[in-house]
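Number of protein chains: 2
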Amino acid sequence: MLQNHLQLTCKLMSDHRQPTPAESLIAAQGGRITRTRVAVLDVLLAADQSLTHDEIAAALAAQGIKHDRVTLYRTLDWLVDVGVAHKMAGDDRARRFGVAASGPHEHAHFHCDRCGKVVCLEGLQPAVAVNLPGGYQLDRAELVLHGACPSCGKDV
Amino acid sequence: MLQNHLQLTCKLMSDHRQPTPAESLIAAQGGRITRTRVAVLDVLLAADQSLTHDEIAAALAAQGIKHDRVTLYRTLDWLVDVGVAHKMAGDDRARRFGVAASGPHEHAHFHCDRCGKVVCLEGLQPAVAVNLPGGYQLDRAELVLHGACPSCGKDV
DNA sequence: GCGCAAATGCTACTATGTTGCAAAACCATC
DNA sequence: GATGGTTTTGCAACATAGTAGCATTTGCGC
Ligand SMILES: [Mn+2]
Ligand SMILES: [Mn+2]
Ligand SMILES: [Zn+2]
Ligand SMILES: [Zn+2]
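Chains A and B, in that order, are what the protein sequence lines are.
Be aware that the first sequence starts at 1, since it is given in this note's numbering, and climbs by one per residue.
Be aware that the second sequence starts at 1, since it is given in this note's numbering, and climbs by one per residue.
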């Protein structure tokens with residue numbers, strides 16, 4: 001933690017400014033604050049749904065932030081590895097990434113089966129009455145609710 | 001239903017035999033009884049876990065059943081479309097397929113994070129205390145429990 | 001058996017993700 | 001504010017999983 005603070009001070013002292021939320025998050029994981037990481041986190045933090053690699057790439061391109069396809073993959077993997085982001089394998093072939101605005105990633109998700117959107121349902125955890133067969137060791141439960149999102153539900 | 005019965009009688013009358021479980025299942029969906037479909041269903045019905053496309057292909061090959069890669073994809077998709085099988089997108093890049101031995105596919109799954117196995121937990125449904133935000137229409141809940149399976153749990 | 005719709009086999013193609021390695025960027029230290 | 005070691009990036013090639021079009025074969029109602 002002390003070390004993370006020091007990491008942040010270097011760049012910030014030269015810039016004479018406060019760390020952005022994205023920068024703080026990155027530094028808190030002991031990672032270097034780079035253009036791509038900050039931009040990706042900004043995109044994910046601003047999104048109200050999980051985004052695919054392509055959607056994030058488009059968002060970066062729209063901001064004029066040049067980046068390589070592979071770098072984006074690696075950046076997203078890193079965010080997942082350190083626990084800042086979550087990765088969801090959907091029914092389509094694309095994985096979707098998101099960050100929980102508050103704290104660690106322990107919440108359910110809603111998947112719209114019509115438009116494919118995935119949103120985080122923070123504050124909703126399943127009361128799983130688990131009767132696991134013997135020998136299985138439970139680590140965590142992943143709950144995905146399927147149905148229609150507000151925009152898709154209207155046009156029924 | 002009458003039609004499905006008739007479909008089955010044709011092939012069976014010439015063979016002078018009873019329909020296998022796989023054949024019944026296929027006919028009940030109004031599909032034609034083909035070598036690949038029967039063999040795939042046999043494999044899935046006999047499996048105690050969900051299988052990837054590759055694993056199923058290997059099983060067919062072991063039985064000497066010749067088939068095309070694409071045909072297997074299409075067969076699996078068909079089984080999922082008619083509701084006989086389920087498709088799970090795991091964290092690795094492969095989808096896994098399985099059939100619930102009994103009835104429709106309304107149960108939780110256990111995913112071993114060490115060996116990647118996925119098993120159906122029939123008879124376990126989440127008591128989801130759902131407080132969905134307004135506008136979301138719930139269709140079904142998908143619950144995946146993560147942890148270590150009996151074989152992987154031993155070597156801790 | 002006959003004929004037609006459904007299913008298959010082939011080939012080529014797309015989408016998504018990975019690997020290895022040299023160049024560039026970050027940042028702790030001076 | 002420069003320096004140097006380490007992390008991160010860019011590039012090019014590769015790998016894997018799935019899809020599309022179309023001619024051929026097969027299942028099955030008759
Ligand atoms: Mn989430
Ligand atoms: Mn199942
Ligand atoms: Zn929707
Ligand atoms: Zn296991």
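In case anyone wonders, no lab produced these hints; they're calculated from the structure.
Model, not experiment: these values are computed from the prediction.
Backbone N, C-alpha and C define an ideal beta-carbon position, used for all residues, glycine too.
Take the hints with a grain of salt, since some may be wrong.
As the list claims (entries may be wrong) - Below, computed lysine to any residue pairings styled on SDA-like, alpha-carbon distance capped at 25 Å: (1) B:Lys-154 - B:Asp-139; (2) A:Lys-117 - B:Lys-66; (3) B:Lys-154 - A:Ala-141; (4) B:Lys-154 - A:Lys-87; (5) A:Lys-87 - B:Thr-20.
To be verified - Over 10 Å on every C-beta distance to chain B, these chain A residues come out as not near it, computed from the model: (6) Gln-18; (7) Pro-19; (8) Gly-31; (9) Leu-45; (10) Ala-62; (11) Lys-66; (12) Leu-72; (13) Tyr-73; (14) Trp-78; (15) Ala-89; (16) Pro-133; (17) Gly-134; (18) Gln-137.
Against the structure, the hints:
At roughly 38 Å between alpha-carbon atoms, Lys-154 of chain B and Asp-139 of chain B are farther apart than 25 Å, so this suggested pair is violated. Between the alpha carbons of Lys-117 of chain A and Lys-66 of chain B the distance comes to roughly 39 Å, so the proposed pair goes past 25 Å and is violated. Pair hint Lys-154 of chain B plus Ala-141 of chain A holds up; C-alpha atoms about 21 Å apart against a cutoff of 25 Å. Using a Cα cut-off of 25 Å, the hinted pair Lys-154 of chain B and Lys-87 of chain A is violated, with the two alpha carbons roughly 28 Å apart.
Pair hint Lys-87 of chain A plus Thr-20 of chain B does not hold up; C-alpha atoms about 41 Å apart against a cutoff of 25 Å. Distance check on Gln-18 of chain A: its Cβ is at least 33 Å (rounded) from any Cβ of chain B, clearing the 10 Å threshold; non-interface status holds. Every Cβ of chain B is farther than 10 Å from the Cβ of Pro-19 of chain A; the closest lies at roughly 31 Å, confirming the non-interface assignment. No Cβ of chain B comes within 10 Å of the Cβ of Gly-31 of chain A; the nearest lies about 22 Å off, and the non-interface call holds.
Consistency note on Leu-45 of chain A: stated as away from chain B, and its beta-carbon is indeed over 10 Å from all of that chain's, at 19 Å minimum. With a cut of 10 Å on Cβ distances, Ala-62 of chain A stays outside the contact zone with chain B, its closest approach being about 28 Å. Once the 10 Å rule is applied to beta carbons, Lys-66 of chain A is consistent with being away from chain B; the minimum gap is 28 Å. With a minimum CB-CB distance of about 17 Å to chain B, Leu-72 of chain A clears the 10 Å threshold, and the non-interface call stands.
A cut-off of 10 Å between C-beta atoms confirms that Tyr-73 of chain A is not in contact with chain B; the least separation is 13 Å. Distance check for Trp-78 of chain A against chain B: the nearest CB is about 16 Å away, which clears 10 Å, and the non-interface claim stands. Not every C-beta of chain B lies more than 10 Å from that of Ala-89 of chain A, the closest at about 4 Å, which undercuts listing it as non-interface. The Cβ of Pro-133 of chain A does not lie farther than 10 Å from every Cβ of chain B; its closest approach is about 8 Å, which violates its non-interface assignment.
Not every CB of chain B is more than 10 Å from the CB of Gly-134 of chain A (nearest about 7 Å), against its label as outside the interface. Under the 10 Å C-beta cut-off, the non-interface status given to Gln-137 of chain A relative to chain B is violated; the minimum distance is some 4 Å.
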